[in-house]
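Protein chains: 2
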Amino acid sequence: MTTSIDLKEFVFDRVLDENALAHTLAVLGTLPSSTTPFEPLRAIVRFERTALSATVASQLSSGILESTKQIGSTDIYSWFFAWLHKRDDFPDVKIYVICPATEVHIRKYTKQDVLMVRESPALYQSIVKPYILAFDPARTQWVQDILTGTAEASNILNASPDFLILPDMKWDTTNVSTLYLLALYTHSDVHCMRDLRKKPHLGMLKKLQRDAWRVVQDKWGIGRGGVRMYIHYQPSYYHFHVHIVHTGHVGLNGMAVGQAHLLDDIISLLELDPDDGSSILERMTFTYGLGTEHGLYKPMAAALAEVHDNVD
Amino acid sequence: MTTSIDLKEFVFDRVLDENALAHTLAVLGTLPSSTTPFEPLRAIVRFERTALSATVASQLSSGILESTKQIGSTDIYSWFFAWLHKRDDFPDVKIYVICPATEVHIRKYTKQDVLMVRESPALYQSIVKPYILAFDPARTQWVQDILTGTAEASNILNASPDFLILPDMKWDTTNVSTLYLLALYTHSDVHCMRDLRKKPHLGMLKKLQRDAWRVVQDKWGIGRGGVRMYIHYQPSYYHFHVHIVHTGHVGLNGMAVGQAHLLDDIISLLELDPDDGSSILERMTFTYGLGTEHGLYKPMAAALAEVHDNVD
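Protein chains in written order, with my numbering: chain V, -7 to 304; chain Z, -7 to 304.
Same shape as in the complex, but just chain V:
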């Protein structure tokens, strides 16, 4: 079935998501079915604009431009629209098709409204902690596979008793300017940032940072300060881990304030904690965005609506 897709037969229904910054567009519609001619199949079509390469610029004088139209100019500045000659090695768009698409696919590709929620220590105890403890262990089986050496064993860059450092799946492992590594904690006492404490964890976090600096220096010649290390809250899985990303790699969604917390900031907060007593990570209210499809969205939205009603 997949081999017979003719995109010209796509019947447009509605836009699911449009991202002008990322130059992507996801739409829902239908494609004809070869087995049930009167029941077309639902299809998601996702368009992504192809990126420009330096070739475009270097070939301006050798005729890559088909035509240009000056839009405006002032002083030393001018701006144009331009149309390029068609080239076999430079398509206009990449297109990704899911057909037949289920409700789950449609939800996944639909832009979610994001609600900023304030998680007080009380809401953490009553809503978030139970949610974390009930998280399906099958969803972190891949972490266990890495920790036990069943998977990714040949990719481990640094192994210490407390954590492993390896390339993140999102990285192509070749382009250093988009370097993305993952540090996985080997123990199971830290589900998330809220569980970190000065006495048992501060030394481990500092060692993790030093080891990460050494790995990127030794392997890719990146100096100290050349990577950004951060922790997600809420993370996508509740086994403690740290993201290690090249400082030149910007614009990632997962780097946004409210979801990402710098490892350095967490270290600084723990350093200021008293040696005993509750940690500031227990006492703080953390604010983050939740998409409407997130498992915490409904309970947190309901709890906060109640809080607001009482305050207003």
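Hints are not guaranteed to be accurate.
Any copy, or any two copies together, can satisfy a pair, since identical chains are not distinguished.
Here are the computed lysine-lysine pairs in the DSS-like style, where the Cα-Cα straight-line distance is at most 27 angstroms [to be verified]: (1) K61 to K78; (2) K290 to K103; (3) K211 to K103; (4) K86 to K191; (5) K78 to K0; (6) K61 to K100; (7) K290 to K198; (8) K61 to K86; (9) K121 to K190; (10) K190 to K211; (11) K0 to K100; (12) K0 to K61; (13) K162 to K103; (14) K290 to K211.
Hint data in this document are derived by calculation from the structure and do not stem from the laboratory.
Could you slot chain Z onto chain V? The hints should help.
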């Protein structure tokens, strides 16, 4: 001179910056000069891929696709490269030209290496605070013009004795999903986040937040939790201000952890401060990225190299 630019005469020299996520490319080269034929002018040419609109998807069946090439498929997924018919209302790229370009322009458009620096309270006192106090007042004249009512008076959305809320210059003021407002503090005792204290400022920050929620609710129907409010450290100017951005507007560079701090998190930290004594905002070490052209880059890089030498 600007009217005579013919991009086909551009001679490529080198790439200044390439951003695959944002689909932009800035290059340096030369364009012929009409007055000095043997001395071509240096020119910066910045390409930006045009965004896709829903029109593209809705017109698949009416022949917007010139050709497609299937790249792969598996199960219900398939992916293609596609070439579109040329349309006068849909250029391939927008091009922005600066000619003649100076060294300052070239630096501005050149990708800067970013160094993560850890600003301890001691480094704040010895390097950052003097830098802030020496900041040229002419660079914040525009803030004074707004505060005194000389500029933007008709755009003020909310005025209170302590701050003004108005649309940020980066916003087109029409597309609600990219809403971007600015709250400007009316007094001059807070240069940056480090100056905030519980007693004089906590109440003001909470009122600012409530007022911002009310403005976006009344004017655009955005519910509480529908905007992200954050503070930059380092900011681009040292008069205290807060960014108010729609939660759906993601991928902005200024929203990255390390530069952006949620107003909610700052409020939470101040709430946990004792009523007297030093604030955690004075005692914390803050970590952020500095581009090589930032005024703090050289002194901070030098100071940190010394710290590292002593530790290693």
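Structure-based check of each hint:
Taking CA atoms no more than 27 angstroms apart as the test, K61 paired with K78 passes in both settings, with 18 angstroms inside one copy and 14 angstroms between copies. In this assembly of identical chains, the alpha carbons of K290 and K103 lie at most 27 angstroms apart only when taken from the same copy (17 angstroms versus 42 angstroms across copies). For the identical chains of this complex, K211 and K103 are inter-copy neighbours only, at 23 angstroms across copies versus 38 angstroms inside a copy, given an alpha-carbon limit of 27 angstroms. Taking CA atoms no more than 27 angstroms apart as the test, K86 paired with K191 passes in neither setting, with 50 angstroms inside one copy and 55 angstroms between copies.
For the identical chains of this complex, K78 and K0 are neighbours both inside a copy (19 angstroms) and across copies (16 angstroms), given an alpha-carbon limit of 27 angstroms. With identical chains, the CA atoms of K61 and K100 are at most 27 angstroms apart between copies only, with a shortest distance of 26 angstroms across copies and 39 angstroms within one. Taking the shortest Cα distances, K290 and K198 sit within 27 angstroms of each other only across copies (25 angstroms), while inside one copy they are farther apart (36 angstroms). In this assembly of identical chains, K61 and K86 lie within 27 angstroms of each other by CA distance both inside one copy and across copies; the values are 26 angstroms within and 10 angstroms between.
Within a single copy, K121 and K190 get their C-alpha atoms as close as 20 angstroms, which meets the 27 angstroms cut-off; across copies the closest is 30 angstroms, which misses it. Within a single copy, K190 and K211 get their C-alpha atoms no closer than 31 angstroms, and across copies no closer than 46 angstroms, so neither meets the 27 angstroms cut-off. For a Cα distance limit of 27 angstroms, the shortest separation of K0 from K100 inside one copy, 24 angstroms, qualifies, whereas the shortest one across copies, 44 angstroms, does not. Proximity of K0 and K61 under a CA criterion of 27 angstroms is satisfied inter-copy only: 13 angstroms between copies versus 30 angstroms inside one chain copy.
In this assembly of identical chains, K162 and K103 lie within 27 angstroms of each other by CA distance both inside one copy and across copies; the values are 21 angstroms within and 23 angstroms between. Taking the shortest alpha-carbon separations for K290 and K211, only the inter-copy value of 26 angstroms comes in at or below 27 angstroms, while the best intra-copy value is 45 angstroms.
In the structure shown, a violation is registered for the earlier hints numbered 4 and 10, in ascending order.
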